[in-house]
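Visitor: In case you want the letters, here they are:
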Amino acid sequence: MKRYIIDIWAAATTILGGMGITLVHLFRAKNDNVTLQYPEERWPRPDRNIGFDHSNYNVIRSRLHVDMDDCIGCLKCERACPVDCIKIETEKVPNRGEDIKEIGHVGVTSNGSRKAMVVTRFDIDMTECCYCNLCTYPCPEECIFMTGGPNSDKHPIDYEFSEPNRNDLIYRFAKPGSREGMAKIISEQKAEV
Amino acid sequence: MTVDFIFDLLNQFLPGFSGNGFLLLFAMLIPCLILFGFIAVYALVVIYAELKVSSFIQDKVGPMGQGFGFHAGKWGLLQPVADALKLLTKEDIIPGSANRVLFIMAPFMIFIGAFVSFVAIPFGESIIVADLNIGIFYILGVGSLAVIALILAGWSSNNKWSLYGAMRSAAQIVSYEIPAGISLITVIIITGSLNMQEIIAYQQGGIFNWILFDNPFIPVAFVIYFISALAETNRTPFDLPESESELVAGFVTEYSGMRYAFFFLSEYANMFVVSAVAATGFLGGWQSPISGYLDSPGWSVFWMMSKIAFLIFIMIWIRWTVPRLRVDQLMNVCWKVFLPIGLINIFGVAIWTVLLGS
Numbered sequence: 001m002k003r004y005i006i007d008i009w010a011a012a013t014t015i016l017g018g019m020g021i022t023l024v025h026l027f028r029a030k031n032d033n034v035t036l037q038y039p040e041e042r043w044p045r046p047d048r049n050i051g052f053d054h055s056n057y058n059v060i061r062s063r064l065h066v067d068m069d070d071c072i073g074c075l076k077c078e079r080a081c082p083v084d085c086i087k088i089e090t091e092k093v094p095n096r097g098e099d100i101k102e103i104g105h106v107g108v109t110s111n112g113s114r115k116a117m118v119v120t121r122f123d124i125d126m127t128e129c130c131y132c133n134l135c136t137y138p139c140p141e142e143c144i145f146m147t148g149g150p151n152s153d154k155h156p157i158d159y160e161f162s163e164p165n166r167n168d169l170i171y172r173f174a175k176p177g178s179r180e181g182m183a184k185i186i187s188e189q190k191a192e193v
Numbered sequence: 194m195t196v197d198f199i200f201d202l203l204n205q206f207l208p209g210f211s212g213n214g215f216l217l218l219f220a221m222l223i224p225c226l227i228l229f230g231f232i233a234v235y236a237l238v239v240i241y242a243e244l245k246v247s248s249f250i251q252d253k254v255g256p257m258g259q260g261f262g263f264h265a266g267k268w269g270l271l272q273p274v275a276d277a278l279k280l281l282t283k284e285d286i287i288p289g290s291a292n293r294v295l296f297i298m299a300p301f302m303i304f305i306g307a308f309v310s311f312v313a314i315p316f317g318e319s320i321i322v323a324d325l326n327i328g329i330f331y332i333l334g335v336g337s338l339a340v341i342a343l344i345l346a347g348w349s350s351n352n353k354w355s356l357y358g359a360m361r362s363a364a365q366i367v368s369y370e371i372p373a374g375i376s377l378i379t380v381i382i383i384t385g386s387l388n389m390q391e392i393i394a395y396q397q398g399g400i401f402n403w404i405l406f407d408n409p410f411i412p413v414a415f416v417i418y419f420i421s422a423l424a425e426t427n428r429t430p431f432d433l434p435e436s437e438s439e440l441v442a443g444f445v446t447e448y449s450g451m452r453y454a455f456f457f458l459s460e461y462a463n464m465f466v467v468s469a470v471a472a473t474g475f476l477g478g479w480q481s482p483i484s485g486y487l488d489s490p491g492w493s494v495f496w497m498m499s500k501i502a503f504l505i506f507i508m509i510w511i512r513w514t515v516p517r518l519r520v521d522q523l524m525n526v527c528w529k530v531f532l533p534i535g536l537i538n539i540f541g542v543a544i545w546t547v548l549l550g551s
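Those protein sequences? They're chains A and B, same order as listed. Here the first sequence stands for residues 1 to 193, numbered as in the numbering used here. Here the second sequence stands for residues 194 to 551, numbered as in the numbering used here.
Chain B on its own, in the form it takes in the complex:
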């Protein structure tokens, strides 16, 4: 699914246009459209899962309906579709005292931050849009674009709650990038590569070759990465930027309709990206857990998606279990717990790799 492959294909089928710059643009556009469609469908599925899991955890039944009329479908299957339609048809309100340009820009910026990361996520041996040689670094770097968008949203809304939310999210995301990066460094130490495909190739040969089971320090790194990822995506134990009981909706307070939907979509897209990085770095990526069993390209997509789905389920599960942290607790956990443990972890993994590594 690389751009080159599609470009060659287009050149083959449209010989009259071969060498045309527009063809290259098309070749870039096609994977983007596929990814966008994928994100939209995936968001609907995860919103449904979130509704249902949260309800089941609270001994409720969640969205329910009978048939396929205006009753949200059998078992409420059409509930996320109805939500999306509602958001699409809602009035688009821009506050009079808001900074119009920045206000309109923010939802697109945050979505770009989430969307661009999808480019480097591998779903199979050749199923990757751009096989960058610094893939994991690229995803970490692009992921922090979200901070700019959040601050834009908070600042341009001209609203106390939005600004508080934006400031909190900036502090939070900037802080938690460090433990996330530090725990991913352990993976890079072991594999010796920043390339997503090479990291996955290192974990070939069944579940016990996954980096998670490589040495006793890695599970700690995995936990630190996962919790930091929760914080970076503003999921519940760390949802201070949009804590609805304190700040109404944080940085999205003034947004409505489609612009709000973009914030929503990018949150779920970010969940997917961090889960994909965790799956790639620690859980063998698209490799089958049993060596040589069901590892054709089609199944590789299945394995990658099921690992990501499992991690997203854990995120939802944590969200409906753990209450929100205070701001000082949030910073405590980052700087006083994760950072020292992460640094000790790097040291341990480095020594382990030097002494016992291949």
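Next comes chain A alone, as it looks inside the complex:
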């Protein structure tokens, strides 16, 4: 009989205690919850100083970016790529080092090199890219680089680049219309000759 009453008392008190805990959580939910409403809220970008002298270590590799005004079309990055995700096509310019206004071609790079080629296609398939960073070292003009890390002054870190369509992950860096523009210029040259 004593056991019976103790059991009932224990059941009642433990259930009430548990309900007290859940009630506290019910009213503290706003402070305690850790859910991030993702598309509306985002985590802050990671702090770039991870303990190294980060100007020497390209530790944050978010994605490849090409500064097309500096690209001379030397194909060194295409050859360096272990998975062949970079596709480059070039055309010879009529006059070396001169701007071609119609297709937005810049004749001289920021290093002072006079360009001999117009890049008509510069595609990087980011679904194939293995983020090895090998393409960035051979570049004589330092125009292909991984965003983030020491390059964060050139281009902001961007790590949310998923796309609904796979083809949207093939980044086309060549200036739009440069292929058609160059074809037209070359045919005009031939006509003159």
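FYI, nobody ran anything at the bench for these hints, they're computed from the structure. Misleading hints may appear alongside valid ones.
[To be verified] Once the Cα atoms are required to be at most 30 Å apart in a straight line, the calculated DSSO-like pairs of lysine-lysine come out as: (1) A/K190 - A/K87; (2) A/K2 - B/K529; (3) A/K30 - B/K253.
[Said to hold, decoys possible] Selected chain B positions facing chain A (Cβ under 10 Å, derived; list incomplete): (4) S248; (5) Q251; (6) G255; (7) W513; (8) I534; (9) L536; (10) T546.
None of the values given here were measured: they were computed from a predicted structure. Glycine residues also receive a C-beta, built at the ideal position from the N, C-alpha and C atoms.
Fit chain B to the supplied structure of chain A, relying on the hints for placement.
Guide: Just chain B, lined up with the frame of chain A:
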């Protein structure tokens, strides 16, 4: 809102049809349609409340969305609507080896059991569909229709899990009717009436005239009734019939789409009915807690609904706190704890009423 009132109104406005039997049918149909609409809307609200309360208790945020597109609305307000639409458009599957007739009948039977009880629930002095003189007895009796429907669902599914769930629910509901009835008998002893309106009329005059505070035995009866009601509606500490970790979904395992929605709806409707009985029997029904304050017919609906909402909140709160009982524990609690305490309670209330009652 009684049938007679609507019948008289129809007779007045449609003199050509007066005395026609169809008019009486219409008069009966109108409150039923109102109640059905009410149950559907109420279920959406309670499902939303359940989602949100459960999430907050677990330190989550629950359904969330921005705007009113396909994002489930601001704060996920449209989530229950989306759920209902999903259930409506789902494929209706009847297993090949199921007993077709009984399988189709079961969801309607269980909903009838819940729906018919609404007839006797008073929301105000004249806001009651049928003011039966055995109202509380009627609700208890009709409430046990659910057992038949559950057994039908379990048996006709031709599935082990369904059958186990149905057997458990039959044992559970039949057992827990007894403590529920015994604790309501104390109310009937005090008021001397089975009529819902007379029980409420007895509790006139503020919060301290409620039966809950009538004598020291009644709070015990209230707790016993409330826990038994949880068991009768298959809510969580007693959700053995559909315990998803053991029996997949119990008696609803084979149901999908609209038929499943009816089981779901009737569970929430049953919650409303048992809360309404508890509110009527113990918490003063549609009476205002302060005598003479906000007790017009409109406010009486508000008081009744807020008392029911409070009890339903406690049900949800218990659901997300207490783990499920074992079958033997379930029977232990019913037969070895609630039944003796309930009987002692009746004795105590009877003596109290004879010696100290008005």
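Visitor: Are any of the numbered hints broken by this structure? If so, which, sorted upward?
Guide: 9 and 10
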